[in-house]
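Start from the sequences and build out the full structure, keeping to the hints where you can.
Respectively, the protein sequence lines represent chains L and V. Mapping to the working numbering: the first sequence position 246 is 246, numbers consecutive. Mapping to the working numbering: the second sequence position 336 is 916, numbers consecutive.
Calculated directly from the structure, the hints in this document are not laboratory data.
So the derived label-pair ranges between C-beta atoms look like this:
hint, chain 1, residue 1, chain 2, residue 2, range
1, L, Glu441, V, Pro707, 53 to 59 Å
2, L, Glu441, V, Arg635, 42 to 48 Å
3, V, Asp674, L, Ala363, 27 to 33 Å
4, L, Pro536, V, Leu617, 37 to 43 Å
5, V, Ala614, L, Asp524, 51 to 57 Å
6, V, Leu613, L, Asp438, 33 to 39 Å
Covered by chain L, per the in silico footprint, the following chain V stretches (three or more residues, Cβ under 8 Å):
hint, region
7, 623–631
8, 663–674
All values derive from a computational prediction rather than experimental measurement. We treat Cβ as the ideally placed atom computed from N, Cα and C, and that holds for glycine.
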Amino acid sequence: MEERPIHPAAAWLNEHSPGAMWRSAFREDRFFLVLSVFIGVFSGLAVVCFRYAIDWSRIYLLGTGVQLTPARMLLAPTLAGLVIAVLVIHFFPTTRGSGVNQTKAALYIFNGHIPVRTAIGKFITAALAIGSGHSLGPEDPSLQIGASLASVLGRKMRLSRDRMRLIAPVGAAAGLSAAFNAPISAVLFVIEEVIGRWSAGILGSVVLSAISSVVVMRWFLGSEPLFRIPAVELKHPAELIAYVILGVVGGLASVAFAGGISALRPRCKALPLWTQYLQPAIAGLLIGIIAMLGAPQIMGAGYEYIDQAMHGQFTWQFLAILAGLKILATLLSFVSGTPGGMFAPTLFIGAMLGAAVGGAQHAFLPHLAGSAGTYALVGMGVLFAGFLRAPMTSVFMVLEVSGNYSIIVPVIVANTFAYVISRGLQPTPIFDLLTRQDGLELPSMEEQREEGILRVEDAMQPADGTVLDAEKTLEHATQSLDRSNSDHVLVRLSPSGWSSVSKQRLSEMAAEGKGETTLGSLVDEFRVPYLHPDHPLELALRYVDRWPLVPVVSRADFRLLEGVITQRDVLDRYREFGEG
Amino acid sequence: MSETISAEELEMGVASETIARYRLYLRKRPVMLAVLLVLAAIFFAGVTGLSRLYRAQRESLGNRWFNRGVGDLQGGRFDSAVTEFRAALLYSRDNYFYQLNLAEALLGMGHTREASAYLLNLWDREPENGLVNLELARIASRQGRTDEAIRYYHNAVYAVWTLDEERMRLVARLELIELLLRIGATTQAQSELIALAENAGEDPAQQQKIGDLFLRAQDYEHALTAYHVSLRSSPHNAAAMAGAGHAALELGRYPQAQRYLQEAVKENPDDTESAERLKMVQMVVRMDPFRRQISGAERSRAVVTAFELAGQRLKSCPVRPAPGSGPTLIDEWASLKPKVTEMRLRRDADLVESAMDTVFRIERETSIQCGMPTGADQALLLIAKLHEGN
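Next comes the structure, spelled out in structure tokens:
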């Protein structure tokens with residue numbers, strides 16, 4: 001039975017009926033956005049509980065005051081280490097490490113699947129570890145907890161595979177944003193380190209989840225920053241010299257830190273299984289001894305001591321010692337497999353180093369130096385850029401935490417030096433290093449930045465007389481065919497568009513007596529897509545196997561031909577690139 | 581094989597079909613979202629309850645450590661107080677009073693730099709807080725940043741004080757005046773003192789303190805007024821009497837100064853400074869030929885004595901005349917000498933004027949050339965100043 005055509009008005013009504021609009025509202029892409037908000041809410045709530053758990057662990061294991069007894073300093077991290085080892089080995093094996101590269105692996109290898117057991121295990125073990133005094137931070141575990149929650153929600157919501165792959169970073173951004181109380185930095189970090197590439201499609205969801213989680217976190221924990229920032233100032237441009245020195249020192253410290261992890265972690269993992277039960281405890285004991293010997297500041301995340309360093313409580317010599325001891329303590333905790341993050345220790349080391357450099361310069365060059373707080377703040381950014389190799393995140397993190405834009409120039413100057421030094425001496429970023437040590441290969445934004453991007457202009461060839469105008473007659477066109485080397489010619493259509501036709505076909509049409517007919521009317525049905533010179537070369541692959549000759553036109557004037565590209569051109573270019 | 585289905589099997593079939601239908605229904609996205617909303621609400625409520633427990637515990641711990649810190653701060657055990665306030669801040673990081681007390685304890689320990697960092701933070705939050713401004717002023721003053729110190733002191737004087745407002749404003753103003761006097765800004769100090777005096781009560785000790793400050797600021801009139809007020813309530817206050825005597829002396833009111841200084845020395849015989857001043861004042865009163873209620877004979881004797889003294893002074897300190905000027909002072913004195921006798925002076929009032937005029941010029945010139953005189957010459961100089969312009 002023949003179908004009756006539908007009246008346009010009826011079609012519009014069908015499309016915009018309440019039922020259709022209701023169905024449209026729950027299309028997967030929109031559903032994903034709404035789900036992102038829920039992920040943010042749940043992650044925010046989970047991170048709030050995580051903070052409570054850490055604080056309660058600290059109170060009951062280390063006591064309520066700032067001065068810890070020697071017994072607690074030694075016993076708390078040691079005994080907690082034993083418990084953590086048993087939990088990790090027998091119940092929560094996926095909770096080792098910081099959680100950042102594990103989340104990235106979930107994204108690229110396991111289709112976004114992170115078991116809920118990971119979230120539970122990370123919550124318990126990391127809270128115990130940090131609360132007992134291990135030198136680790138809560139941000140990375142929060143990132144993984146958020147990613148795990150997101151993964152669970154995505155599975156329950158039966159998202160498509162493509163969406164499931166993207167759900168982990170959405171949860172990761174939510175978790176990190178709540179833990180750090182810095183949504184912009186969290187979004188950037190997730191893009192830089194977890195996703196590893198800019199993706200406009202995911203950006204909206206990541207931002208929504210980060211904002212909703214930080215709103216929830218602030219509802220419960222207030223909006224006060226992790227540490228109080230004193231007045232930040234740049235008194236004189238000559239102070240930038242001081243920040244250059246800070247950048248160099250920070251870069252070298254980053255290399256030492258990353259090198260330590262790189263050297264020790266595989267060695268610790270290679271030890272017999274029975275030692276894995278003792279490694280966190282031994283790390284805890286050593287940390288306790290260091291603390292007892294005069295540096296209790298190295299225990300735990302250390303935010304209160306960052307606060308004190310910013311307010312000039314310590315001498316510059318002691319600050320430098322603290323920075324070194326914190327590197328050692330974090331190495332011990334991390335390489336022993338204790339679950340926990342490196343964000344907070346990185347900030348601690350950076351703040352101490354920054355304040356130390358500032359203090360030293362204050363002593364030797366008083367006319368150059370700014371306040372301790374300024375140096376500590378820039379120092380945090382320096383370590384972020386040098387050690388975590390997240391330069392964009394580090395700048396925004398400093399801005400978000402301080403709320404002061406006058407600091408941006410010193411931060412950029414110092415970060416640049418730290419990043420360049422770190423990149424030169426330690427080519428592989430720390431998270432990529434950890435991933436490779438785990439036997440995985442994941443994309444890295446830093447490495448992608450280093451790779452050249454091939455574009456259409458790298459492969460296209462000049463149009464060698466293979467272009468005809470649609471207004472010309474077929475007879476006129478066939479006369480100029482001899483000038484062309486190619487088997488195909490391009491026809492510039494009017495008012496716009498391009499067509500491609502073979503010489504043989506033109507000859508056939510001429511033989512059919514269509515010589516006086518305009519080309520445009522003959523070849524209009526053989527339209528070809530066009531490219532622009534700046535398009536990625538991989539885009540050309542979509543067209544060159546279907547159309548033998550693809551025009552490359554100017555973005556300002558689509559009728560202006562910049563060149564032509566064929567499949568051979570594309571393959572030759574890729575081959576050259578591979579050989580190079 | 582039996583093809584009949586039992587009632588049980590039929591029931592089970594219906595039940596599983598119902599469950600499958602419900603599962604299908606639950607898989608619908610609107611339903612999923614509604615379930616998520618309910619779960620979020622439940623989770624939110626749970627965390628709210630947990631949060632209350634958490635906050636209550638932290639508040640309790642913070643208060644406990646804070647109270648301990650306050651006790652140690654009041655007892656002067658700054659070291660312990662700092663530790664305790666830091667512990668309190670662990671539980672309430674942004675607590676204004678914890679930070680303020682920590683800053684106080686740090687100042688007590690002499691950790692000025694760290695205290696300053698905390699105080700500046702607090703100042704950013706509440707620029708009108710009196711105590712913060714006062715402490716910052718003290719730090720700036722100790723570090724020689726006088727402009728800053730003055731600014732903070734002014735802020736403290738006009739700031740918001742939650743406790744003991746009047747007393748703290750007074751303290752701030754007094755410290756400001758001390759600073760101004762120390763840096764030699766006497767005019768500014770005088771302005772502040774006048775403002776202070778206007779608002780001060782009748783407390784004798786306070787008025788005496790104000791009088792002392794006016795003296796140091798060289799505002800002797802106001803100093804005398806303040807001492808008067810003090811002595812009204814506390815007539816036997818030796819320090820106020822000494823101060824009043826000093827002020828009166830500087831104002832040239834020697835009889836008044838004599839009265840006050842006599843009382844001061846009587847109340848406090850160990851006050852050697854006042855005793856010296858009294859001696860000088862008595863000399864001035866005795867040697868002043870132009871004082872009231874003096875007989876002609878006494879006047880003549882005073883003039884003769886003064887003239888002799890001036891001559892001796894001139895001999896010990898010859899005044900170099902300006903080039904091209906007229907007769908030297910010594911010539912003048914020598915030419916007048918034969919005329920300056922008691923007899924002549926009793927008859928000739930103009931001679932008294934001329935003689936004393938010469939005496940005054942001698943004392944002035946010699947004080948410039950040879951420095952401040954002592955003893956009787958000093959008395960003559962004071963008499964000269966007293967009668968300047970008369």
